[in-house]
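Trainee: Listed below are the residues making up each chain.
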Amino acid sequence: MGSIQQIIFMVLSVVALASALGVVLSKNPVTSVLCLIITFFAIAGHYIMMNAQFLAVVHIIVYAGAIMVLFLYVLMLMNLNAELEPQKRNWLKYAGAISGGALLVVLVAALRDASMPALSPEANEIGLIHNLGLALFKQYVVPFEVSSILFLSAMIGAVVIGRKD
Amino acid sequence: MINLVWLVPFLPLLGFLVNGLGRRSLSKSLVGIVGSGAVLASFVISLLIFWEVKTPGFSAQVVHLFNFISVGSLQIPFAFQVDQLSALFLLIITGVGSLIHIYSTSYMHDESNESFARYFAYLNLFVFSMLILVLGANYVMMFIGWEGVGLCSYLLIGFWFKNIDYTNAAKKAFVMNRIGDLGFLIAIFFIITQFGTVTYPEVFSKAAALGMNNGVICIIALLLFVGATGKSAQIPLYTWLPDAMAGPTPVSALIHAATMVTAGIYMIARSNILYTLAPHVQTVIAIIGLATALFAASIALKQNDIKKVLAYSTVSQLGYMFLALGVGAYGAAVFHVMTHAFFKALLFLGSGSVIHAMGGEQDIRKMGGLKKFMPTTNWTFLVGCLAIAGIPGFSGFFSKDEILASAFAHNPVLYVLGLAGALMTAFYMFRLYYITFAGKFRGTHEQEHHLHESPAAITIPLVILAILSIVGGYVGLPEVFGKNLLAEYLAPVFAPSVPFAVAHHLSHGTEWLLMGISSALVIVFILLARQRFANYEDNGKESTGVAKVLENKWYVDEIYDAIIVKPLYELSRFFRDTIEKSGIDRLVNGIGRGVQWGGQKIRLVQSGQVGFYIFAMVIGMIVLFVIGFLL
Amino acid sequence: MPVQYYIFLSIALFCIGVMGVLMRRNAIIIFMCIELMLNAVNLLMVAFSKMWADAGRVDASSAQLFVFFIMVVAAAEVAIGLAIITMVYRNTRSVDINILNRLKN
Numbered sequence: 001m002g003s004i005q006q007i008i009f010m011v012l013s014v015v016a017l018a019s020a021l022g023v024v025l026s027k028n029p030v031t032s033v034l035c036l037i038i039t040f041f042a043i044a045g046h047y048i049m050m051n052a053q054f055l056a057v058v059h060i061i062v063y064a065g066a067i068m069v070l071f072l073y074v075l076m077l078m079n080l081n082a083e084l085e086p087q088k089r090n091w092l093k094y095a096g097a098i099s100g101g102a103l104l105v106v107l108v109a110a111l112r113d114a115s116m117p118a119l120s121p122e123a124n125e126i127g128l129i130h131n132l133g134l135a136l137f138k139q140y141v142v143p144f145e146v147s148s149i150l151f152l153s154a155m156i157g158a159v160v161i162g163r164k165d
Numbered sequence: 001m002i003n004l005v006w007l008v009p010f011l012p013l014l015g016f017l018v019n020g021l022g023r024r025s026l027s028k029s030l031v032g033i034v035g036s037g038a039v040l041a042s043f044v045i046s047l048l049i050f051w052e053v054k055t056p057g058f059s060a061q062v063v064h065l066f067n068f069i070s071v072g073s074l075q076i077p078f079a080f081q082v083d084q085l086s087a088l089f090l091l092i093i094t095g096v097g098s099l100i101h102i103y104s105t106s107y108m109h110d111e112s113n114e115s116f117a118r119y120f121a122y123l124n125l126f127v128f129s130m131l132i133l134v135l136g137a138n139y140v141m142m143f144i145g146w147e148g149v150g151l152c153s154y155l156l157i158g159f160w161f162k163n164i165d166y167t168n169a170a171k172k173a174f175v176m177n178r179i180g181d182l183g184f185l186i187a188i189f190f191i192i193t194q195f196g197t198v199t200y201p202e203v204f205s206k207a208a209a210l211g212m213n214n215g216v217i218c219i220i221a222l223l224l225f226v227g228a229t230g231k232s233a234q235i236p237l238y239t240w241l242p243d244a245m246a247g248p249t250p251v252s253a254l255i256h257a258a259t260m261v262t263a264g265i266y267m268i269a270r271s272n273i274l275y276t277l278a279p280h281v282q283t284v285i286a287i288i289g290l291a292t293a294l295f296a297a298s299i300a301l302k303q304n305d306i307k308k309v310l311a312y313s314t315v316s317q318l319g320y321m322f323l324a325l326g327v328g329a330y331g332a333a334v335f336h337v338m339t340h341a342f343f344k345a346l347l348f349l350g351s352g353s354v355i356h357a358m359g360g361e362q363d364i365r366k367m368g369g370l371k372k373f374m375p376t377t378n379w380t381f382l383v384g385c386l387a388i389a390g391i392p393g394f395s396g397f398f399s400k401d402e403i404l405a406s407a408f409a410h411n412p413v414l415y416v417l418g419l420a421g422a423l424m425t426a427f428y429m430f431r432l433y434y435i436t437f438a439g440k441f442r443g444t445h446e447q448e449h450h451l452h453e454s455p456a457a458i459t460i461p462l463v464i465l466a467i468l469s470i471v472g473g474y475v476g477l478p479e480v481f482g483k484n485l486l487a488e489y490l491a492p493v494f495a496p497s498v499p500f501a502v503a504h505h506l507s508h509g510t511e512w513l514l515m516g517i518s519s520a521l522v523i524v525f526i527l528l529a530r531q532r533f534a535n536y537e538d539n540g541k542e543s544t545g546v547a548k549v550l551e552n553k554w555y556v557d558e559i560y561d562a563i564i565v566k567p568l569y570e571l572s573r574f575f576r577d578t579i580e581k582s583g584i585d586r587l588v589n590g591i592g593r594g595v596q597w598g599g600q601k602i603r604l605v606q607s608g609q610v611g612f613y614i615f616a617m618v619i620g621m622i623v624l625f626v627i628g629f630l631l
Numbered sequence: 001m002p003v004q005y006y007i008f009l010s011i012a013l014f015c016i017g018v019m020g021v022l023m024r025r026n027a028i029i030i031f032m033c034i035e036l037m038l039n040a041v042n043l044l045m046v047a048f049s050k051m052w053a054d055a056g057r058v059d060a061s062s063a064q065l066f067v068f069f070i071m072v073v074a075a076a077e078v079a080i081g082l083a084i085i086t087m088v089y090r091n092t093r094s095v096d097i098n099i100l101n102r103l104k105n
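Protein chains in written order, with my numbering: chain A, 1 to 165; chain B, 1 to 631; chain C, 1 to 105.
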């Protein structure tokens with residue numbers, strides 16, 4: 001069992017990292033969006049692996065279904081699917097890559113020796129909609145309401161900003 | 001009655017407010033009535049209080065008005081202390097004060113409405129401050145009054161502020177007083193840190209517990225004395241008093257002769273126990289007092305300004321009072337304060353009457369023969385001269401004799417020098433009298449035409465003061481003549497000092513002898529003055545030698561100018577031109593320029609490129625992680 | 001399977017996101033990289049949720065709820081952000097962030 005899970009983890013991780021690099025490196029913005037969607041699916045796979053089934057579903061609906069479509073929509077609307085960035089100032093790219101890599105190295109080095117428990121392969125019910133719903137509407141009902149207000153105001157804000165005047 | 005003591009300073013304060021605020025609308029007669037009436041009412045209340053206080057066995061009473069300062073364990077109440085000493089000073093201040101107020105209504109009548117009211121407002125404020133000074137039940141209260149009288153003195157010396165010399169004289173008086181005030185202030189701080197209180201009885205009992213020759217008490221006594229030298233015009237801070245004659249003459253009489261300048265004597269008499277416990281400081285006081293007495297008297301010998309002569313005479317008489325304090329004769333000092341208040345106020349008011357008649361002329365060489373024009377002024381002035389010279393029977397004789405006798409008991413050298421000063425006093429006073437009133441008139445014809453006796457508002461105070469100058473001495477008769485009422489009256493105030501003081505007793509024979517010698521010599525010197533100056537002619541010759549030095553007041557002002565004022569100016573100029581310009585300015589400008597330069601350089605970092613900002617942020621994060629986790 | 005694996009995976013995703021933000025100048029791509037970073041954090045949250053649930057903590061679902069809230073904020077942010085980018089594009093005909101250097105003045 002363990003080996004199968006590890007194999008799945010490895011496969012999903014490789015897919016996630018590769019497509020994430022695709023987001024950053026592809027010259028065409030539309031390709032970036034598609035790569036990002038693949039990344040999100042891989043992450044959703046990880047969620048399912050960790051018994052967060054409901055979260056995985058929501059993740060796909062919200063990110064892949066809504067947000068990325070929005071991105072794609074804006075890109076198409078602006079006709080930005082072609083590569084527009086002029087390729088001068090390469091040093092900025094290298095500096096960005098180096099500093100990002102440095103951050104990676106530093107963080108990995110910092111956490112390398114941390115001792116953490118292994119995740120058990122057994123399923124638990126923590127990620128089921130029943131448990132999450134109880135916690136959300138009992139313990140986190142106020143943040144829930146606040147976030148709905150945030151959503152509302154974001155909606156109004158988007159309309160106001162996007163208005164043609 | 002004693003509970004109403006707050007009325008005594010309150011009434012002049014009220015007068016000050018009414019006159020000060022209503023100076024544009026009140027008429028002159030109303031201002032005069034308010035100003036004089038307030039002080040006169042205070043005088044009446046003071047008399048009633050005095051009546052109560054003078055009953056034998058009266059002990060000091062404190063009238064607590066409100067809590068003034070209360071910091072931790074330090075309590076400074078706003079309270080008045082009524083005892084023999086303060087009651088006596090109340091009488092002197094309000095009594096002489098009301099006479100001078102009445103006198104001023106006539107003397108200042110030529111002023112404009114507004115400045116007339118301003119004058120009376122200042123005068124009332126002065127009386128108020130002076131009363132606070134003597135009534136206060138602790139050193140802080142005394143200091144409030146002390147500063148108040150200093151302020152009023154400044155305001156009144158510079159009353160005719162359009163004259164730049166007068167303003168400078170006022171500033172000089174103020175600055176000189178400040179030097180002394182600093183000493184007083186430090187003394188108060190010392191008292192607070194050492195004793196934790198400023199209320200007189202507590203301070204005195206705690207001081208007495210420390211015993212003789214305690215260093216702390218010596219320092220406090222010395223610092224208080226520094227304050228006294230400023231206010232009471234002693235060497236080295238006396239030079240402001242002669243210049244203070246720039247003020248109106250009644251002011252000179254009230255502030256710079258009768259009351260304010262005796263504040264130092266009051267303070268030391270009040271703190272007598274502190275000085276008795278510090279004999280070395282007493283010696284210093286005696287020496288400085290005597291030196292001042294002789295020094296000022298020698299200057300007075302050759303002065304030609306009628307008010308300057310009286311001013312130096314005041315300094316000299318104050319020196320006598322300090323001599324008395326220095327030899328432990330506190331009662332004699334207070335006695336001399338009282339008699340001096342009478343005859344010096346009389347002399348100043350008399351000189352004011354003369355100046356008034358002469359149309360503002362103050363140079364005695366241009367007077368002469370005023371005897372027949374101004375008979376009342378003449379005889380009252382003569383009484384004043386006799387009193388100050390110490391002719392037997394007049395008040396000055398008794399008080400001066402008491403001082404000299406005490407000095408003799410302490411140390412005969414002090415007596416001899418004191419007597420020399422007294423003889424000089426007799427000489428210069430009668431020189432003044434003869435040059436002014438005897439002989440023939442030396443002024444212009446126009447002035448002669450205008451000569452007249454002054455109105456009643458001026459002559460009545462003169463007459464009253466003249467009577468007081470004669471009879472005022474009989475409250476303090478020497479032992480050989482009978483009872484010294486004043487000494488008996490004041491005894492409770494000085495009682496705490498008695499156990500520590502060294503008692504001196506003169507035999508009656510010695511006392512007779514001393515009196516005889518001084519009286520005889522004084523009469524000789526008066527006759528000498530009469531012989532020289534009765535028919536004085538102004539020959540216009542420049543004086544030479546010692547006389548010239550005396551005429552120029554020993555060049556003390558010039559010396560002060562050279563050793564203090566000039567170097568201070570030079571130092572200021574150095575600071576202004578060098579330290580300020582090339583030091584502080586350059587430093588400040590340099591900082592500004594450095595910041596500007598740095599801003600110019602650092603500004604370039606703020607390129608407005610969001611990408612660069614994020615880049616910098618990531619670098620910062622990396623550095624933080626490295627520091628936080630890896631180091 | 002140790003939690004470290006997930007930690008390193010999410011660090012890697014996060015750093016790829018950072019690199020993207022630093023390297024690209026297209027505002028929309030930068031936006032997507034930010035989403036990537038948020039998702040890296042989400043992944044870590046879920047991993048920790050699982051870890052605590054295994055340890056028997058009842059409130060382990062809190063971490064998953066935080067993921068919900070992060071999604072909510074991300075969605076709101078995208079709505080506003082894309083609206084702003086649209087406006088910028090409408091005014092400048094470009095989404096290059098180097099053009100947006102008005103902060104300089």
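What the hints contain is simulated information worked out from the structure, not anything from laboratory work.
Heads up, a few of these hints could be off.
To be verified - Derived contacts from chain C toward chain A, CB cut-off under 10 Å, selection only: (1) V18; (2) V21; (3) R25; (4) V58; (5) V73; (6) A83; (7) Y89; (8) L100.
Where is the CB? At the ideal position from N, CA and C, for every residue including glycine.
Trainee: Closer than 10 Å between Cβ atoms is the bar; does Y89 (chain C) clear it against chain A? Give me holds or violated.
Mentor: holds (5 Å)
Trainee: Let me know if the C-beta of V18 (chain C) comes in closer than 10 Å to any C-beta of chain A, holds or violated.
Mentor: OK, holds: V18 (chain C) within 10 Å of chain A, min 5 Å.
Trainee: Against chain A, is V58 (chain C) within 10 Å by beta-carbon distance?
Mentor: With a closest approach of 9 Å, the V58 (chain C) hint holds.
Trainee: Under 10 Å, Cβ to Cβ, is where R25 (chain C) needs to be relative to chain A, so tell me if that hint holds or is violated.
Mentor: holds (5 Å)
Trainee: Let me know if the C-beta of L100 (chain C) comes in closer than 10 Å to any C-beta of chain A, holds or violated.
Mentor: Status violated, d = 14 Å.
Trainee: Hint check: is the beta carbon of V21 (chain C) less than 10 Å from a beta carbon of chain A?
Mentor: holds (8 Å)
Trainee: Any CB of chain A closer than 10 Å to the CB of A83 (chain C)?
Mentor: Status holds, d = 4 Å.
Trainee: Quick check on V73 (chain C) please, does its C-beta sit within 10 Å of some C-beta on chain A?
Mentor: At 7 Å from the nearest chain A Cβ, V73 (chain C) passes the 10 Å test, so the hint holds.
Hint violations for this structure: number 8 only, all remaining hints satisfied.
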